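**Q** If you read the sequences in order, they're chains G and X. The opening residue of the first sequence carries number -2 in this note's numbering; numbering runs sequentially from there. The opening residue of the second sequence carries number -2 in this note's numbering; numbering runs sequentially from there.
FYI, nobody ran anything at the bench for these hints, they're computed from the structure. Computed from a prediction, not measured in an experiment: that's the story for all the values here. Treat the hints with caution; some may be incorrect.
Since the list gives no way to pick out one identical chain from another, each pair is judged satisfied if it fits inside one copy or across any two copies.
Each computed EDC-like pair below joins lysine to aspartate or glutamate, with the alpha-carbon atoms no more than 20 Å apart [said to hold, decoys possible]:
1) Lys105 / Glu242
2) Lys202 / Asp106
3) Lys44 / Asp224
4) Lys261 / Glu1
5) Lys44 / Asp274
Protein chains: 2
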Amino acid sequence: MTFELSILGTGSAIPSFGRFSSSQVLHTHNKSFLIDCADGTQFQLRKYGIKTNRMNHWFISHLHGDHCFGIISVLSTMGMLHHTGDIHIHAHPDLAPILKAQLNYFCKDLSFKVHFEPINPLQNEIIYEDRSLTVSTIPLVHSMPTCGFLFQEKEGLPHLNRELLDFYHVGIEDMKKLRAGADFTTADGNIIPNCRFITPPTPPKSYAYCSDTAYSERIIPLIHGVDVLFHEATFAESEAFRTKETLHSTAKQAATIAQKAQVKQLIIGHYSARYADVTPLQNEAKEIFPETLLSFDGMQHKW
Amino acid sequence: MTFELSILGTGSAIPSFGRFSSSQVLHTHNKSFLIDCADGTQFQLRKYGIKTNRMNHWFISHLHGDHCFGIISVLSTMGMLHHTGDIHIHAHPDLAPILKAQLNYFCKDLSFKVHFEPINPLQNEIIYEDRSLTVSTIPLVHSMPTCGFLFQEKEGLPHLNRELLDFYHVGIEDMKKLRAGADFTTADGNIIPNCRFITPPTPPKSYAYCSDTAYSERIIPLIHGVDVLFHEATFAESEAFRTKETLHSTAKQAATIAQKAQVKQLIIGHYSARYADVTPLQNEAKEIFPETLLSFDGMQHKW
């Protein structure tokens, strides 16, 4: 299936140069997943025409305000718009009591239930699974318990050659057998080998979101070979000294992770408020990993 | 002194057509007052270059999310920017426990204190006073306890004629006496009547903010003759039937209040999400009260 990423905010903690803070939506063929939810996310959702009717699972990397202050507003607005379908918020367990107090006061008559799904950001584990994909945590290194998220499509079924199926008048039962690896026997007893009918399934898609984090090689095996890696790049190399104190990354560090993990595409973001122009960050990253894209508020990326 | 109003959001509960929800800043010569604080206010403050260093008193009309969800983000960001000077939040007492829980978790090391100043929205009373102005509550009619705010400059001192002071070599002590109403006696015993030195003080400025509210004539004596009235105008006349259920106003009702209260200028806003173009609301208001302005996000109005 196709993955389509909408990036709603690319700034870091202090908003600047018109950039909103962290929030993204990953769309698959029939679902949308909200990833982080900064203040103002509801405006960005509407500004960029993001449909929220199937956005029922939300993943919050950590409980800094620039990643979660917008949750109450999005819930409140979805309530006023009569959203149906329960919302599941996957987040550190500390979020639940704070948000429940707000929900109890401000959102008494929501048209849906809100379920808090506690996650352990320090452990790599599957936290969501449906017929077509899994979401697992990627433990990161930050000033509070933080994890990224790996969205991994499940392996699909092999493709069958439609023309050959028609030519041999293959029935539904035999198609199932072909998919399971069997050869096909014609009515007059000829055996047609399985490999003539079958082509491998479309490679499953994957997306890894890693923000906020200091440079951490421990994530490399967890994101190895993903199609798209979003990795925070708060600083340019000239500010590299600040990454130790703040536990953020430079663009060069993001690119080094992308290179070592052999990902196909890197998108950087979560820019410090000090950068009006972020192309130097892209340049620094591209020296290490040429397939680097700069994110911007409203960016859409499909694969 | 000069009043300058910055209107940061003109939408109502559901954001639409790029309009943020309710938030304004009133600037006087040395202070700024935040009035309501919807989700996203921190972005609007930065977008429109509003200085927050003297914005120490915040006034929250009521506890619907589109008037208060942005408070935590503005506090958090001001903390990161090392704001100094305590913040006083004047709001319904229900806000304090909810916001304190958020502050305790998300804003442990703020560079300033946050004081909750409980107000009774059902009573008309002065809730803030300094050397140059008072702020008083205006009880409104809405689906929860709600009040507007009247910002009223204090009467200034009468002006003294500088040329005449020089001509008669009037000293500081005599100036005080002139301001208090006394005549002036020259060194050779001539009496110069007070009225020759004195011109009346500049008329004090005033601003009334009334949102959210149903049509309520009870506010008329409280806002009589103000320079500028902001009155919500959620609906056009064609949707007037909705004001009873929602306890909002039409543009025509806002204009009727402005006319009956003999205010000098009316600004309408808090537009329903159904209106892409709000000029029909202005037209309906102007039929009753010609001095009506349409607010828009980023509007500045000075008097």
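**Q** Which earlier hints turn out false for this structure, listed by number in ascending order?
**A** Hint check: 2, 3 fail, others pass.
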